[in-house]
Amino acid sequence: MDGASIQYRNREYSSKANSVESSKILSSTWSICPVCMKRLPALRVQNGSQIFLEKTCKEHGSFSTVIWRGLYDFNDWIRSADEGEGEITACPDACGLCNDHLQKTCCTLLNITNRCDLGCRFCFASSGSASTDPSLDEIRKTIFSLVEKDKTLLQLSGGEPTMRDDLPDIIRIAREAGVKYVQLNTNGIRLGEDKNYARELAAAGLSFVFMQFDGTDDRIYTKLRGKALLNIKQRAIDNCALSNIGITLAPTLVRDVNTHDIGGIIRFALARAPAVRGVHFQPATFNGRVPGIPGNHDRITLDELVSEICHQSNGLIRSDDLLPSACDHPLCGFHGDFIASGDKLIPLLKRGETEKNCCCGTSAAEKNREFIARRWQRPAVYETTGAAGNVDIRDMSVFLERVKSHGFTLTSMAFQDAGNMDFSRLRHCSFHVYEDGKFIPFCSYYLTGWKQ
Amino acid sequence: MANKKRLLCFKCNKELELKKTDFSYLGHTFFTEVPACPRCGQVYISEELVKGRISEVEMQLEDK
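In order, the protein sequence lines correspond to chains A and B. Residues in the first sequence are numbered consecutively from 1, following the numbering used here. Residues in the second sequence are numbered consecutively from 1001, following the numbering used here.
Note that these hints are calculated values from the structure, not bench results. The model shown is predicted, which means the values in this text are computed figures rather than measured ones. It is possible that part of the hints are untrue.
[As the list claims (entries may be wrong)] With a straight-line cut-off of 27 Å between C-alpha atoms, the simulated DSSO-like cross-links for lysine-lysine are:
#, chain 1, residue 1, chain 2, residue 2
1, A, K404, B, K1011
2, B, K1011, B, K1051
3, A, K24, A, K38
4, A, K438, A, K367
5, A, K404, A, K367
6, A, K151, B, K1020
7, A, K58, A, K24
8, A, K180, A, K151
9, B, K1005, A, K367
10, A, K404, B, K1051
11, A, K350, B, K1011
12, A, K180, A, K24
13, A, K104, A, K438
14, A, K350, A, K104
15, A, K350, A, K367
16, A, K58, A, K195
17, A, K58, A, K38
18, A, K180, B, K1011
Required output: the full structure, derived from the provided sequences and hints.
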């Protein structure tokens, strides 16, 4: 992680990228030097089948980061993206949102603690044990200042938010302030350890849980999180189910650690539907605490993830079931919407078909928020018309009941770091951290220089 | 009470009968029973159905 190794790696990437004759510039954007964090012009360059984000800092050399492996057509994937016009000179230093930002807030993230009971290899928040948490009164003021009544989706995050014993009070405050949906981002340990905890959070007004879930094998947890956690995660799922709290599994994907288990994670989640509402894949991002500066081998691009989902699910999911984000930039994520039916997934979206009705633009943030909520939140009460797999969802009434009770999403968010930061993407960000009265795009907030 | 009224086909003057009918939207097909003319097959889609279940199905299927 010292300067010398950075330079060595840079030269390695640079020479590799520039030596191939078939190199073709596709488009231009802006990025940063990952070492000094200065703004730099950047190019999206096709080299063979792969696409790289390339940039050169006069002081720190050239950088070439893979952004697409060429497994699907790049232009077809990003076709809907409005790149925005001109160079936004204030980006990203002036974040909170400025007039040049192209998207409204879909989800607001509020850090309520920096403490955590794990010491993960990867942690974009660099969470640890020593911290002074904001007081409950400070949090109350913050929540009342960020809320848009009956619209806000608030993610309580950290650190590990369940480290705070007053978490139920914070949820109650959020509801009192008019927050429409309260999401808990958690490692699931406390939910798994304490049977009554999920019930307590549900009673306080929690809408749904987003739980770190990296695989179906404890060797994965030992490598990534430092200890075996599968059993406690299963108990967390069971406890949420008892309190009717929807739970979505969020794997951080790290090459050669859990990328082989993508299909296993999907099957694990599907076997626990409708309690489990879906899987949200997050390819590892290199911000905060990371084991080292990434090489291109370490990068998991979106097309690679789509390909692995299809391959490892043995045909359960097809690539055109997964649509590029229309709310954020297409290179920032994808979503698939399904009904869980036994060990099958019935797709509701189809690339090229459903997108004709897509309402992109600024209202997409609101649409995205409602999509998340109606799938990740379990209906209060629902009637079941039969065992999974024994219902005919072509019956309009059955479909409407089933899509609410057994809706299942496969989604992904590809966060940016100092290597692949692309301001065209950043300008579309709808996922904002709230701090000091500002809504700050997630990847801008957590952006970490590699010399640190 | 409105749905208990007799409905007649404007063209055939035949009383409509409930018939399982397919509805297609964005590549999906669903069925439900709606009043249909036994002679010409024209169906009557009530405002209640349009503003209720049909609208809800559309919302669930449209991309976010």
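Results of checking the hints against the structure:
1. K404(A) - K1011(B): 40 Å, violated
2. K1011(B) - K1051(B): 26 Å, holds
3. K24(A) - K38(A): This hinted pair holds, its Cα atoms lying about 25 Å apart.
4. K438(A) - K367(A): Holds, at about 22 Å.
5. K404(A) - K367(A): Cα-Cα ~16 Å, so holds.
6. K151(A) - K1020(B): 39 Å, violated
7. K58(A) - K24(A): 22 Å, holds
8. K180(A) - K151(A): Roughly 5 Å separates the two Cα atoms, so the pair holds.
9. K1005(B) - K367(A): Given pair K1005(B), K367(A) is violated - Cα atoms ~39 Å apart, limit 27 Å.
10. K404(A) - K1051(B): Holds, at about 18 Å.
11. K350(A) - K1011(B): 39 Å, violated
12. K180(A) - K24(A): 47 Å, violated
13. K104(A) - K438(A): Satisfied, since the Cα-Cα distance of roughly 13 Å is no more than 27 Å.
14. K350(A) - K104(A): Roughly 26 Å between the alpha carbons, so the hint for K350(A) and K104(A) holds.
15. K350(A) - K367(A): 18 Å, holds
16. K58(A) - K195(A): 57 Å, violated
17. K58(A) - K38(A): Holds. K58(A) to K38(A) sits at ~10 Å (cutoff 27 Å).
18. K180(A) - K1011(B): Roughly 50 Å separates the two Cα atoms, so the pair is violated.
Comparing the model with each earlier hint shows violations of hints 1, 6, 9, 11, 12, 16 and 18; every other hint is respected.
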